[in-house]
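J.: Going line by line, the protein sequences match chains A, W, C, U, Y and G.
Going left to right, the first sequence walks through residues 1 to 454 as our numbering numbers them.
Going left to right, the second sequence walks through residues 1 to 454 as our numbering numbers them.
Going left to right, the third sequence walks through residues 1 to 91 as our numbering numbers them.
Going left to right, the fourth sequence walks through residues 1 to 91 as our numbering numbers them.
Going left to right, the fifth sequence walks through residues 1 to 385 as our numbering numbers them.
Going left to right, the sixth sequence walks through residues 1 to 385 as our numbering numbers them.
FYI, nobody ran anything at the bench for these hints, they're computed from the structure.
In this text the structure is predicted, and so the values were computed from the model without any measurement.
Just so you know, even glycine gets a beta-carbon here, dropped at the ideal spot from N, CA and C.
Each hint should be verified, as a subset may be incorrect.
Partial pick of chain C residues on the chain A-facing surface, computed with a CB cut under 10 Å [unchecked claim]: (1) T3; (2) Y5; (3) L7; (4) F8; (5) L10; (6) M11; (7) L12; (8) F15; (9) V61.
Some chain W residues near chain G, calculated using beta-carbon distances under 8 Å [said to hold, decoys possible]: (10) A165; (11) L168; (12) S171; (13) V337; (14) P342.
Lysine-lysine pairs mimicking DSS-like chemistry, simulated, CA-CA at most 30 Å apart [what the hints assert, rightly or not]: (15) K9(G) <-> K167(Y); (16) K343(Y) <-> K392(W); (17) K343(G) <-> K392(A).
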Amino acid sequence: MDNLVFINVVYVFAAALFIFGLKLLGHPATARKGNILSGIAMLVAIIVTLMDQNIVSYGWIIVSVLAGSVVGIYVSQKVEMTGMPELVSLFNGVGGLASAAVATAAIVASDLSSGIATISVIALIIGAVTFSGSFVAWGKLSERISGKPIVFHLQAIANYGLIAATILFSSLYVMDPSSITFVYVVIALALIIGVMVVLPIGGADMPVVISLLNSYSGLAACAAGFALENNLLIVAGALVGASGIILTNIMCKAMNRSLINVLTSGFQEVVTNDVVVEGEIKPIITEDAFYVFEAAQSILVIPGYGMAVAQAQHAMKELQELLEKNDAEVVYGIHPVAGRMPGHMNVLLAEADVSYDLLLEMDEVNSRMENFDIAIVIGANDVVNPAARELKGSPIYGMPVINADLAKNVFVIKRSMSSGFAGVENPLFFKDNTRMIFGDAKEVISNIVRQFND
Amino acid sequence: MDNLVFINVVYVFAAALFIFGLKLLGHPATARKGNILSGIAMLVAIIVTLMDQNIVSYGWIIVSVLAGSVVGIYVSQKVEMTGMPELVSLFNGVGGLASAAVATAAIVASDLSSGIATISVIALIIGAVTFSGSFVAWGKLSERISGKPIVFHLQAIANYGLIAATILFSSLYVMDPSSITFVYVVIALALIIGVMVVLPIGGADMPVVISLLNSYSGLAACAAGFALENNLLIVAGALVGASGIILTNIMCKAMNRSLINVLTSGFQEVVTNDVVVEGEIKPIITEDAFYVFEAAQSILVIPGYGMAVAQAQHAMKELQELLEKNDAEVVYGIHPVAGRMPGHMNVLLAEADVSYDLLLEMDEVNSRMENFDIAIVIGANDVVNPAARELKGSPIYGMPVINADLAKNVFVIKRSMSSGFAGVENPLFFKDNTRMIFGDAKEVISNIVRQFND
Amino acid sequence: MITIYLLFILMLAIFLGFELIQKVPATLHTPLMSGANAISGITILAAIVLAGNDSSTAATVLGVIGVFCATVNVVGGYLVTDRMLAMFKKK
Amino acid sequence: MITIYLLFILMLAIFLGFELIQKVPATLHTPLMSGANAISGITILAAIVLAGNDSSTAATVLGVIGVFCATVNVVGGYLVTDRMLAMFKKK
Amino acid sequence: MMTTIAFPKDRKQDEKRCALMPSNLKAYSLLGLEIIIESGLGEDIFISDEAYEAAGATVLPRDNTLAAGDIVITVNKLPLSDIKICKPKACLISFLDPFNELDYLTSLSGSGQTSISVEMIPRSSRCQKMDALSSQASLAGYSMVSIGMQQLNTIFPMMMTPSGTIKSAKVFVIGAGVAGLQAIATAKRLGATVTAFDTRPVVAEQVKSLGGKFLEIDLGQTAQTEQGYATELTSEQMAIQQAAQAACIADSDIVITTAQLFGRKPPRLINKETIGKMKPGSVIVDMAAENGGNVEGSIPGKTVLEQNVYIIGNGNWPCMVAKDASQMYANNMLNLISEFADKETNTVNLDLNDDILQSCVITHSGNIVNSVIRKHHNIDTETNA
Amino acid sequence: MMTTIAFPKDRKQDEKRCALMPSNLKAYSLLGLEIIIESGLGEDIFISDEAYEAAGATVLPRDNTLAAGDIVITVNKLPLSDIKICKPKACLISFLDPFNELDYLTSLSGSGQTSISVEMIPRSSRCQKMDALSSQASLAGYSMVSIGMQQLNTIFPMMMTPSGTIKSAKVFVIGAGVAGLQAIATAKRLGATVTAFDTRPVVAEQVKSLGGKFLEIDLGQTAQTEQGYATELTSEQMAIQQAAQAACIADSDIVITTAQLFGRKPPRLINKETIGKMKPGSVIVDMAAENGGNVEGSIPGKTVLEQNVYIIGNGNWPCMVAKDASQMYANNMLNLISEFADKETNTVNLDLNDDILQSCVITHSGNIVNSVIRKHHNIDTETNA
Ligand SMILES: NC(=O)c1ccc[n+]([C@@H]2O[C@H](COP(=O)([O-])OP(=O)(O)OC[C@H]3O[C@@H](n4cnc5c(N)ncnc54)[C@H](OP(=O)(O)O)[C@@H]3O)[C@@H](O)[C@H]2O)c1
Ligand SMILES: NC(=O)c1ccc[n+]([C@@H]2O[C@H](COP(=O)([O-])OP(=O)(O)OC[C@H]3O[C@@H](n4cnc5c(N)ncnc54)[C@H](OP(=O)(O)O)[C@@H]3O)[C@@H](O)[C@H]2O)c1
Ligand SMILES: NC(=O)c1ccc[n+]([C@@H]2O[C@H](COP(=O)([O-])OP(=O)(O)OC[C@H]3O[C@@H](n4cnc5c(N)ncnc54)[C@H](O)[C@@H]3O)[C@@H](O)[C@H]2O)c1
Ligand SMILES: NC(=O)c1ccc[n+]([C@@H]2O[C@H](COP(=O)([O-])OP(=O)(O)OC[C@H]3O[C@@H](n4cnc5c(N)ncnc54)[C@H](O)[C@@H]3O)[C@@H](O)[C@H]2O)c1
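Model the full structure from these sequences, guided by the hints.
T.: Following this line, the structure appears as structure tokens:
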């Protein structure tokens, strides 16, 4: 078997490993194995590539691989866990740079056919955009650049102009593949586009941007693969590109954003907004809440009148059992006036056969509130309203409440933002550690139960 | 763009359509659309194939396509719905024959390189096995051949012999691709293998066999694709091959069979069994039960002591609500001595807040038993034991029971085959219209509830 | 080298086949089988080329047989699948 | 014709990419992104060939840059992903 | 000749139940039987003579009723004076307490009528619908909780309120047969924390199926009869049980004892010492008080305060829900009669060879014929055939 | 000077509740207050003087207790004779029924002490923990079901048994305030089929949240006060309500009426005609019997049989579960005192300008000072400042 065939057969094998690896990466239990598998695939691919007959000198390769490895190992071991997203964006930028370099190399090395030239310049553009965009994202995440959307007048027009120019110069190059100068212009333009597209996006949306740029860097590799007729680049690149898009979409959904909206921030005219909202409502869908539930070790359930209205007690009992099976501690914090009659919650929870031992009084749970990983507020409102503590003049000021807001995470399940019996706003819903799950309490909890069972 | 390139670009498009089609076929809501999509893909592929420059005369093609279409349309419109599985096996056999013919054509047309020869003969063998196997399966399903496993002494040895011979003659041919005679021997052997492998499998397992043979016919097409370097054949064939294997596996699980066991029936020594069982226990998994539940219009729930032990009343209430949302009528038939104390079922169902209106007495449900699509027996045993009506001398003879066995379908949820309070066997479990769902009542019902929610 | 590409394609298609059919409800087992079976009639492409090719009578005859059989498989398969699926009420 | 094969491969790989990532728990979003990012360092293969090739200095230099960057991406990416995943307790 | 069934009113003090409901009359008339009732039969449960008449019964004064019946059905046994008025060949059906009332039985056999003791109806599947012992015991279980709830000065359920948390009442049920299980279910419904104990180990699962806790006591070997009744414990076992229960009793707000031994005196389960350990104001309900009592110091028909613990020995528990109790008893009787009624001839044929009647007929044509009862009272088998 | 709180025993007939539990003493002593109780304070709920003493209270005879208290707390109002014994500057806290007891108030103001009426404590969020009206009403809801259950001659839950099917009892609750809701919950727990009605439309959801049915009656506009109390209906509305309820009442086995109007006589909801339509043996529990009654013919403190329907007008419902009632009331009082206690000086400062006290202090230094009460009794505002 000749060398090239051997390399390619191994590539088939490596591609299969990548596919497996990516598949396993998507499931919590196997994710680590998946990563290792894909790492092995990469190693195998690199080793056989070294056998390529086109390679004449190994010196630079070895030097640069070693240097790159050292940097990679050092950075990856040094970084704090909290700095992960930044690091990923850095790596991503570097990856984009690599693709851009490869594409440029292909372009400068020889006059290309117009097909290959097109693909090469596409690879180059994508790589460059990924590179500069990722670095801006990194800056925003590490707060080297302001996390606020940076916008200016006419930015939409400027951006359209940039894109038009890029297309123009790219075409000029493709029409005459020897006119390398145009390529440099294209590189510059692509770098600027990367910056311009990411700048107007807010810091909170950065993970989505990174995921998208990550998908781009896959596409860049894929394009490079086309240019160099390398199957593995195509397969791996396409895999990353496609899965990256899906992942981006999933992340958008989880953050209740629209992908289109995030991406086109740079193309929307600036709207200034003077309203100052203290804190922000952060809705979340049950699917995402579930993963937090699953990881929690100690859980406090705070039921209120809404649980009674929804008759969610049976569902809650089921969830409790599942959480307990998952080795979490679950207790109920019963506020003395939760519901609409003394002992309202007791009646319901007894009906659902929740053990009396698990029902704790307000004072008991308040004294250990900080230790709860999650407080689940089910259709309660007034009884968890921190305004009773904080807001003099509120009609409920002075009423003792369950301090749900002091738990590590708070999930509030209710149907809307409407107020409770006392008719007052609840600042809890706007706290940083609070997530709102909107919906009928019974349905929401049944939903989470279902996730547990899947 | 030259012809070949155009054809292949369309093939890429057709392949994508096939993939989409197959994906949609897997979901009840979109299945029909999926089938149409894949049909369109096929049509497109056929049309562009006709542009192939190798085709010089269209006469025979048109004739045979027309003839095939007429037969296909006629048969598919004539067949009774109950005859579907037979028909599928017939089509499958015909498809196998087509692959075998193509492979043979490739073999007889020219001396092949040993690689292509190997692949061609593999395509041939698979096609031939599919053909004869499918026909035997068809015979079994349509009861032209006995549905019982047909076995004889030494069959295992005979089958091993056949396989060895096939390999031998195939190798002889591959070593000398001009020695076509060997190919005929191989064809004959493959046909016999198809028959031998399917004969010892019981009629009830035929769907699994057909699904597997279907997967084979995909592989045959795939192999033919390799032989002829046709991408679309490879893609479509591999898709069918892979999805067929998965489907076969799913079906095996649904029927509580092991794939390996079904396939190797022909290679196991014959065990004769003299025990005569009247009727047969038909266990079913919740996934399959679900579809019957979903289709049912009127449902009778017969709870017994097992519901109390499992504390399944809350789950049952949830299922009731889902069934009602699905426009079914749900009532409970309460036997006066169900459970272990008077009113035991009432206590539990009241706890789960099942409306009293839905609780019917034994006589009420017995008088309309034939009208229930399903009777769900939850952990009841003695109170639905037809022996009380039928079996003089049984300790419970003469006790009035709920005649669950007279409902159209009966699902019995219990953990095992063990008997109830009275300690007597229950012929209900062996009736034709009874399916046993083994498991803890609460878990089983929660499971069905989950299916409803997905 | 062509074989390499074919191998790549094969590998990817097999993976895709596995991924596509993950959770199929029991009611769809038969239609899915039947639909997949219709797809496996894809051999018709090869058969058409053989049948229209003048290289040898034997090959032509076999090709014609192939086209006929495959057509039955394809046409009948799609139609029968469609009939089955038409019976399911929409959820 | 080679392009055709490449197209086939691309099409299948994209489909596969879509199919593989269907339901990913939120906790895995970041590791998955990071893991995929490491895979996108596959450009290293092309870069290696370019860097080892003597055709032109420019290409070699670019290739070396490419190898360096891609190595950082690959090595760092895999290691970081692994660190993240190591934090999840096994179920 | 048509069979006539007579329903005289029960004369036992405070008895409100009766053996016939107007709703039964249709079924009786379909069987072709004639029904005669004593005037005022249902007055204690607010059923007027007119209601019975409207449904088809004949209302007569007591003596005429007694004299007319081929079958005479009551809840409690008829006074001997009444029996003399009955037809000499009449069949008398009621609770007879045959294990304890030998004198009565002897007199009864002397007057020659056939008598059926409903507590002796076997507990076979076929007889469940006639099983008055179970139907009345089940209601007794409910009533005992009801009266305990009334007597206790705290509420049953837990309540967490702005005025403090009220703990749930602890209820301990000893003996988890038919009555005990119903008591568990009722107390549990009300939100009490319920624990139960029984000597028959099969009961543990049944208790749990009602949401109660089962107190595990290792008594070694215990048994139950074919009909599901418990057998008597040895005195060592009894001692173990008492010791093991003591802590649970002391901790309980209400203790309900339902332990019975078929054909024997009920076991003594709680002594004064244990009562002394209970919280002041606690309540004990002794189901068996009338037959000897599970609890030391319980007085039949009374509620007494002993060491600051109320001991309720009222007895006749089903009578607290007399209407339902009557309905169930009346249905049991109807089912019994139906079993032996002949629609063609409009008669009831009491075939003494039938399994059921063999178990429950006590006296017949001048003799005590029931073998179990004969054995129990050591009546020499040879004296009468 | 340390404030002394005195707890004399209630003298009202059949009252078993008290305003202090031993468990409260720790909290009082942390506030630095001295507690004096009358000997026998808790005897009716089986709490001995020793138990109080052990917890830190001083036990004295009645007169000494009364004389010692800066604050005197009871459940029911002190007899006027006792008030004379109290310190002239003492503060008396109890239920005072200020809307109906003008004579008493006048005498009280005459003797110069400050008096607090616990029913006048506002129903703000801050005061829920002192809200004795709610805490006692809630227990009343439970007790009314308990006594209804006792009186009814059938069981509450449905039961399908071999002896026939027993239908569930139908319970109709009129007025679903605090007491009514608890009654609904309790009856529902026992398995009854519960329907409820209230004039305040917001209540419908609350009833359903407890599993009850709400009887929809279109009364047109109805209202509730800021504190959640119902306003009175017009006479037309009243007529509509009565007509619409009649069918539901006739169909019910137990009717529980809890309708109250704050500061007014309770509305008359059921007349004799409607009672006549009920099934014989049914039960009506009239919570308001003592204050005039929701039901025609109900007699305070008695159970009467009217047209074969039992009308229970016992009153003092919380007293049926006196121990829990005492505990809740005692907690309410503790919370009230804590609100005004000064830990530094060990005194209780009743600042009459405080919102809460403005609502609930009735008499002070010789005058009736409460504006609501003054208005109610048309006391000319100019007479006293
Ligand atoms: N316990 C007593 O004795 C008593 C008596 C009278 C008054 N109160 C008063 O009642 C209040 C009790 O506080 P709380 O926190 O229990 O109740 P709350 O403050 O009244 O809040 C209940 C919340 O439940 C939500 N909800 C209603 N139906 C729901 C459903 N089907 N699914 C999910 N959520 C639902 C509502 O929000 P959405 O509409 O957005 O869903 C509402 O904000 C206190 O203010 C107390 O003073 C108590
Ligand atoms: N109602 C009364 O007053 C009373 C009193 C005493 C006796 N009895 C007698 O009790 C019997 C009542 O009949 P029945 O049909 O209700 O009960 P049964 O005949 O005792 O049968 C109960 C069945 O439930 C199944 N089971 C137990 N635990 C389960 C769980 N966790 N999940 C699913 N299934 C479970 C058991 O089978 P597996 O073990 O295979 O799961 C068992 O066969 C009658 O014979 C009656 O005479 C009634
Ligand atoms: N076959 C049938 O259909 C049928 C009908 C009715 C009852 N039964 C069965 O018969 C059983 C007994 O019926 P019953 O309630 O009439 O019995 P019972 O009234 O004779 O006794 C009541 C309970 O007291 C228990 N007991 C006796 N000694 C005790 C002790 N020392 N300590 C604690 N408990 C003690 C007994 O085990 C029994 O459970 C029931 O559990 C039931 O399952 C069967
Ligand atoms: N803010 C708080 O924290 C707090 C505390 C306690 C109670 N509350 C609220 O106050 C409300 C009333 O409390 P309450 O129970 O003491 O009231 P209440 O005792 O004054 O009246 C009882 C019920 O009778 C009803 N009623 C009046 N006239 C009626 C008629 N003609 N027909 C039928 N029903 C009639 C009233 O609407 C009320 O629900 C409660 O519903 C509760 O929500 C609030």
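J.: Evaluate each hint against the coordinates.
T.: Checked hints:
{"no.": "1", "hint": "T3", "in the structure": "holds, 8 Å"}
{"no.": "2", "hint": "Y5", "in the structure": "holds, 7 Å"}
{"no.": "3", "hint": "L7", "in the structure": "holds, 5 Å"}
{"no.": "4", "hint": "F8", "in the structure": "holds, 5 Å"}
{"no.": "5", "hint": "L10", "in the structure": "holds, 9 Å"}
{"no.": "6", "hint": "M11", "in the structure": "holds, 6 Å"}
{"no.": "7", "hint": "L12", "in the structure": "holds, 7 Å"}
{"no.": "8", "hint": "F15", "in the structure": "holds, 5 Å"}
{"no.": "9", "hint": "V61", "in the structure": "violated, 37 Å"}
{"no.": "10", "hint": "A165", "in the structure": "violated, 70 Å"}
{"no.": "11", "hint": "L168", "in the structure": "violated, 74 Å"}
{"no.": "12", "hint": "S171", "in the structure": "violated, 76 Å"}
{"no.": "13", "hint": "V337", "in the structure": "holds, 5 Å"}
{"no.": "14", "hint": "P342", "in the structure": "holds, 4 Å"}
{"no.": "15", "hint": "K9(G) <-> K167(Y)", "in the structure": "holds, 25 Å"}
{"no.": "16", "hint": "K343(Y) <-> K392(W)", "in the structure": "holds, 23 Å"}
{"no.": "17", "hint": "K343(G) <-> K392(A)", "in the structure": "holds, 23 Å"}
Going through the hint list in order, the structure does not satisfy hints 9, 10, 11 and 12.
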